[in-house]
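S.K.: Chains as they are written, first to last, in full-length UniProt numbering: chain B, 1 to 675; chain H, 1 to 675; chain P, 1 to 675.
These are computed hints drawn from the structure, not numbers from a lab.
Warning: the hint list may mix true and false statements.
It does not matter which identical chain is meant; a pair holds if it fits inside one copy or across any two.
DSSO-like mimics (lysine-lysine), calculated; alpha carbons at most 27 Å apart, straight line [to be verified]:
#: 1; residue 1: Lys233; residue 2: Lys124
#: 2; residue 1: Lys553; residue 2: Lys37
#: 3; residue 1: Lys426; residue 2: Lys471
#: 4; residue 1: Lys555; residue 2: Lys38
These numbers come from a predicted model, not from an experiment.
One letter stands for each residue in the lines below.
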Amino acid sequence: MSILFPKVDGLLHGGDYNPEQWLDREDILKEDIRMMKKAHINTVTLGVFSWSVYEPAEGEFHFEWLEKIMDSLYENGIYTVLATPTGARPAWLDARYPEAMRVTRDGVRNRHGLRHNHCMSSEKFREKAEIIIRELAGRLGGHPGLILWHISNELGGECCCPSCQERFREYLRKKFDGDIEKLNHAWWTTFWSHRFSDFDEIEAPMTNGEGSIGGLNLEWKRFNTWNMTDYMKFEIGLLKEITPDIPVTTNFMKTYPYLDYRVMAKELDIISWDSYPRFHNDYEELSDTFAENAFDHALMRSMSGDKPFMLMESAPGLVNWHPFNKLKRPGIHSLAGIQAVSCGSDTVQYFQWRKGRGSYEQYHGAVVDHLGRDDTRIFREVEKMGEELLAMKAAAGSRVKAEAALLFDWENRWALDDMAGASQEKKQYEKTCLLQYKSFLRMGVEMDIVSMNDDLSSYKVVAAPMLYLLKNGAAENLRSYVENGGRLIATYLTGYVDENTLCYLGGFPGDGLTELFGLYSEELDTLYPSDKNEAVFTDGTICSIRDFAEILKVKDADIVASYGMDFYAGTPAVTRKRSGMGEAWYIGARLDQAGMEKIYRTCLTEAGAAVMELPEGVEYRVRSDGEHDYAFYLNETDHEAALPDASGVDLLTGKRAEGLTLRAYEAAVLESDAL
Amino acid sequence: MSILFPKVDGLLHGGDYNPEQWLDREDILKEDIRMMKKAHINTVTLGVFSWSVYEPAEGEFHFEWLEKIMDSLYENGIYTVLATPTGARPAWLDARYPEAMRVTRDGVRNRHGLRHNHCMSSEKFREKAEIIIRELAGRLGGHPGLILWHISNELGGECCCPSCQERFREYLRKKFDGDIEKLNHAWWTTFWSHRFSDFDEIEAPMTNGEGSIGGLNLEWKRFNTWNMTDYMKFEIGLLKEITPDIPVTTNFMKTYPYLDYRVMAKELDIISWDSYPRFHNDYEELSDTFAENAFDHALMRSMSGDKPFMLMESAPGLVNWHPFNKLKRPGIHSLAGIQAVSCGSDTVQYFQWRKGRGSYEQYHGAVVDHLGRDDTRIFREVEKMGEELLAMKAAAGSRVKAEAALLFDWENRWALDDMAGASQEKKQYEKTCLLQYKSFLRMGVEMDIVSMNDDLSSYKVVAAPMLYLLKNGAAENLRSYVENGGRLIATYLTGYVDENTLCYLGGFPGDGLTELFGLYSEELDTLYPSDKNEAVFTDGTICSIRDFAEILKVKDADIVASYGMDFYAGTPAVTRKRSGMGEAWYIGARLDQAGMEKIYRTCLTEAGAAVMELPEGVEYRVRSDGEHDYAFYLNETDHEAALPDASGVDLLTGKRAEGLTLRAYEAAVLESDAL
Amino acid sequence: MSILFPKVDGLLHGGDYNPEQWLDREDILKEDIRMMKKAHINTVTLGVFSWSVYEPAEGEFHFEWLEKIMDSLYENGIYTVLATPTGARPAWLDARYPEAMRVTRDGVRNRHGLRHNHCMSSEKFREKAEIIIRELAGRLGGHPGLILWHISNELGGECCCPSCQERFREYLRKKFDGDIEKLNHAWWTTFWSHRFSDFDEIEAPMTNGEGSIGGLNLEWKRFNTWNMTDYMKFEIGLLKEITPDIPVTTNFMKTYPYLDYRVMAKELDIISWDSYPRFHNDYEELSDTFAENAFDHALMRSMSGDKPFMLMESAPGLVNWHPFNKLKRPGIHSLAGIQAVSCGSDTVQYFQWRKGRGSYEQYHGAVVDHLGRDDTRIFREVEKMGEELLAMKAAAGSRVKAEAALLFDWENRWALDDMAGASQEKKQYEKTCLLQYKSFLRMGVEMDIVSMNDDLSSYKVVAAPMLYLLKNGAAENLRSYVENGGRLIATYLTGYVDENTLCYLGGFPGDGLTELFGLYSEELDTLYPSDKNEAVFTDGTICSIRDFAEILKVKDADIVASYGMDFYAGTPAVTRKRSGMGEAWYIGARLDQAGMEKIYRTCLTEAGAAVMELPEGVEYRVRSDGEHDYAFYLNETDHEAALPDASGVDLLTGKRAEGLTLRAYEAAVLESDAL
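Please construct the entire structure, taking both the sequences and the accompanying hints into account.
M.R.: Encoded structure:
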């Protein structure tokens, strides 16, 4: 049990607030306070992108307005999350120090503009950032309303400037012990005459340069995470020096492809993220949209250790950057907020409190519209959310317990995406992971989203789709997990390469895993979209196969299903092998969801996990503080859903329920004694 | 009544003529004269792109060939439009003065080539252009065959070179009174820390620079129009100094997106344009293609004041740059020529007289083919057109009168296109305007295409689709139009931003228009392509809704239709409110064409406009010189069309008609006493 | 009869071998020899991309490993093809001499990386290449195992650096006798004021420069071939000096669009190419895939004169760079190998022997997988191929005789592709040529693929689809072919431009061909994809028309078919005219395949060619050494195919056959006395 902010009672409700856009409108600033209180806002985020107001000219600082705002908020019971303002740079800074701007893979330096544009390696930028952070933290770090530092904003992207490239070479020298032959071997550079004779010859994978060395491509991505983390640690270090007791976070963005968040997460006190699902789209069910959001929540939770995480940004109405910015239908705002809490968030926060009048996000949803009224549909939904967060406050600090885990690894994703073979279009690692998560979710089994080197011992079942790259130690971790009683489910494309993307010799899955699974894969067939095959299970069930199928040579595994068609008909498609106290499954082809779920259901049941029968479109999970369980039921359909077995006191209504009937888009949070 | 060129009797027939490509072929030049006379050509355009022949080396001039050609033409009754040759630059000029070439948004200077490539701000280019223009006008400005100056050719594009950027900053200093804080407020730069501390920090919206400030993006487009106009005025100034009595034009290109033609039009004596419809395509009816062409004609006419305009270029056969360069079917050439006249053009001119043998446009249609014969289908159709223009000469100088107008505004288009919200793919401002024009056309009601700040008092009905941006004074202009008896029809996305793209506070449509319409829009819903809604009219009629729907809060307007579906079913979708002597309609959603036409028909009828019942695919409008009316009927279908009520003397046949039956693709021009 | 390599008995079996990737693995190198012998490998290619191993630092050479490998191979009966290592550059070379890297059309110099990246004009690169080639040839040129030099690898691409541009200007000065006015006329530069006053003003057609002059665009492509050939000749010259008796080749890539292989072929002793068909795809029948491959084989054969050619690279299993890298199904490997031999190849070689562990091609198919076993399906199929090549050895050195030819010309393709007109999307020159080849193949008539200026006298029928550009002498060559008894079949888009892309005046097809065909084309209609027309033959047969239709004016040809629809219904669509002893056909529109085949069948039959009735999906052709004929029958379907008339001794089985029944994917090679 871990309450994030002892100062704030229960769950946080709030969002980004930009009063600096309205300093000439005292009436509006006053109205903001009134409306925040009406909406049960208890926390706002200030100072994101405020550098040019803090320091309108180099060395000239203005914080008095900020202090006044924080005072006024605090006096009204509203706490402040304060951002470092480095998410965007003042124009004078770029004009004076162009070397602080990024260089793209084309080798061209950006011009002033947009948001994230500073070179993470730039000494000049760090010098200027240090000054403004010290000024800000020095002035307001001791404010009683301050509860959290928010580092920059949505850190992302990369820089290929000469300084970054030099840092990359230093990084490589260190990694390969200054021995260029170690690097040559690890990157298999003899191919295509790509051997380097010196570290100085290495460049980033630029658009018009070297893009064909898998090891280089992967290492550049690792370096970029390292360099971004290094920059972030620089900001954190300054803050910890001045305000050692204020925790720090930065806001993540889903499964952002360019940074390994797990590396960054280690440096943060609290994990937070920004959630912008495309509700009511035309390509999936609403419950699918919610499921993807739950996957992202689970990923954040799994990086948070014992703590709740924060939903730092979400849209009160709509966003402005989707291809179709459709309104969130009535009730969805509340449902998504309750989903966040169900997944382990102790906050529901928004971007943004009030819409600005101009520039790129003037139509991004906000609690308060240009209209300025507190009787809009959106405002009333936010107000209701505030009431519901108050009603759920008992759940604050409690934890979600997951009986299963999914391996989702950035390095694996990078290597798979860069793998030249199979089918670029069909690999779809992220989508494949998400589909597995959904299958478990339908059975009422919550998964953590973990890395291949994490401790897996607490999970009854671990799904490891397309575990193409094995980091050092990963094979051993998986073997040990199985031998100690775990059920591991691997698929086609497992264990092809080591952490430098060198193929394992002697059979896939490599690094000893052929033993664990009792087989090797001789060939990988890639199917055209109109091709298909099928898996015939020993019980006669047939499911269809698309995209990928491995031809397996089984040594000592049990065959669960065989191929039904094509020249490898009759050969094994799915196998299982007992090992120690556990079991290792191998699914050699991309089965349809029915096929995957059949396997998962078998595994979960045999592992003794609680598999539920939930109505279609109802999401379920439990938070627990050890004393009480909080069971969340979310009806994501447009019709009633009956849950005859649900029981407990519904925090939202205060009433005891023995059996539930949820209306369309309705949620219930049933408190009961912990199991 | 205004005859464009008193020297030329009636309507002009002619086109671009490039004898400089054939100076070594006396036989061909002689044949040209013979064939022009056969085809009833009375005017040609010379000198477009002739700089490298006029001045093959710097300072060495050759005009003797041109004089000889103009003499020969004049002796044969053919007048000359003479172009300034700045549409393309000689290779020596670019080689010697690279600073005169343009820089793209990537920040890279173009190399020599193509056509429009000179920096409009370049002092060096103006110096060189002045020399050649003075030489040309000095030598041939007094030629008796000269009737018009044609400035450069199809002015377009933009330049982002340092000189242009410096001019942009000067332009901004002037606009914002040298006060950077005025600019910061107008562009809402506090958002994302985008405040400028000095005008010197501002750059054009370069590809790798600032693209997120709506005000900057819009102002850059305004500046580009200003700068292009400034350059054009420089050329005009030279010519007016030397030949004050010769009028000037430049050729526009439809609704060209990058320049506000209304600003340029003010500097021209005559409006002209180039028309290249995609006849017989696979995505619309032939009459739709004609309707789009009529829209463009109407736009040109509406910029021409009391004068006729010129169809400066059109293709005798086909063009070479469409994705599918299909032949114009027999009869279409004549029909399109007569359409031009019906819309107010007093010319039918071509690009080009004779096909060149090589380079990019060697397959662009021409009167004379590489074949060189005068018995081709195309030549005979051109010859017939010449005869028809002679037959219609009485209509020369007369005017089209329009009872309705459509607001189409470049600044509105730019702001809408740049608006980050709703749906980029679905905004379709230009298409939406065109659809409204088509609806009126089907009812036989011609529209002028005007700006939101134009005098609207002469129109019975004004349609103002998606009037997103309100220029200063526009709201007042509309209010006053309505109060004085006008019928204004506005739609969703009206009045969101002011002329700097700042959102209006307190309700859309802003700047006081909520009063005029008696409502405000609380939310804008954007639908996915597969989503739909419907509008249920009070009379029970139902029409479908796609793409956009506003949720309206009505104060004191009458409800004409309500939404039929979704969570806002039953709320108002279409309203009307009397105001003074007129009426303001608000259409909150994108209705289908039947729905729009129902509303338009009601408005037009109530306004006392003459709504006609025309056969499908027949186009109709009237030119009048006050004494006679010339009613044009164009059958754009492949079957007969009966017009029992048409009467008058058909100029094309010389016969009196009481009731008409038009054959496929046939036109009639009925003269009668003016009403 | 010409045996390629007297040292090697019969047909070659082998592939690229990269032992330099495994120098630290003696066990693997040893295993390679064992497995090669098992697979009946008699030749490998060494040294492609080995520069960085040969010369790890500038001036430091290592060939001892190579010598050892060649010795070991030779001792085991395996010969060596040795590549010059210039297909990729060592990193130190690019780091030290950046001027040796290419510049793209954007004007940006590449960075180190990938493969082909050296400037063909760079003196520095030639200096460095000369050193390494002299070292290599000096050291190993006399090795008894060496049978062939392989120049660089898959030469391709272009360079736009200042040196190349200067060479281009020199090339132009020479071509146009130093007379810029000759060039101006040939390129029709008066259009758009594009006249050059000096050769120094000319640039390559850069992205941001001049792209609109057809003559320049074409000449740049010619120059690029010239420059690449010049570079290749430089390498060849060095080798011929050191090892005058070792033949040279370089590996071509299908109908590679950027180089005119016929120009390069003249400098080579042997033609070789790399074949990577997309077997089992989802857009065509398997036999279509084989037919395209046969077309490419035929092109290589036709450049080889009397000699067999070499299949230098093919994939044992799959490749790694197709969108879907599907496994080659059982039997296809053998069938494709036998197809190569049937088309005139005396080798079946692979890229590659053993998969490397890393970098871009780690998943490219190889004889030996990462798995390292000799019992894989792929290994066994390669082993079988080896046996079959031994069985077919009698056919080595024999020739394919073709009774028909297809004109396929790079310059024509370049001009057509660059032609601004008709429809960019629909021209499809290469596909159109392929379709004609397929039509003949179905009738059992093999075609050579020749140039418009080649000697055509040995062919009974010549198909010349879309012969848009006529090189000097081509019209005369065609006329003379017909007059001497040949049957020429031309189509729409014939004879529009001369070799500078200037349109012919006075009628298409130009350069006198209107006489040969007895007609001229007045207009070219381009149809939208949904448009269609039809050709009605005099015998009543009707076939459909898409894309293109010319309106023909016939003077003295016989009309074979007329248009059935649209405004030119009833006018001629297909004609024939006797001329001398032969006949010239003109097909004015893009007929469907049935229509084309009807015409081809008539021509072939009338010409006395042997037209066969083959089962659908069976490929057939004959090699002959004058003494014996080798008839190849390939069943490319998944079912049995009966060939009752086939007879001879099947080399693959050793049995005499009178009538054949081929199993799915089975081939037969029937030896009989030469006809």
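S.K.: With reference to the structure, classify each hint as holding or not holding.
M.R.: How the hints compare with the structure:
1. Lys233 - Lys124: This pair counts as within: shortest intra-copy Cα distance 17 Å, inter-copy 47 Å.
2. Lys553 - Lys37: between (67 Å within a copy, 25 Å between copies)
3. Lys426 - Lys471: within (23 Å within a copy, 46 Å between copies)
4. Lys555 - Lys38: Intra 68 Å, inter 25 Å, cutoff 27 Å: inter-copy only.
Going through the hint list in order, the structure satisfies each hint without exception.
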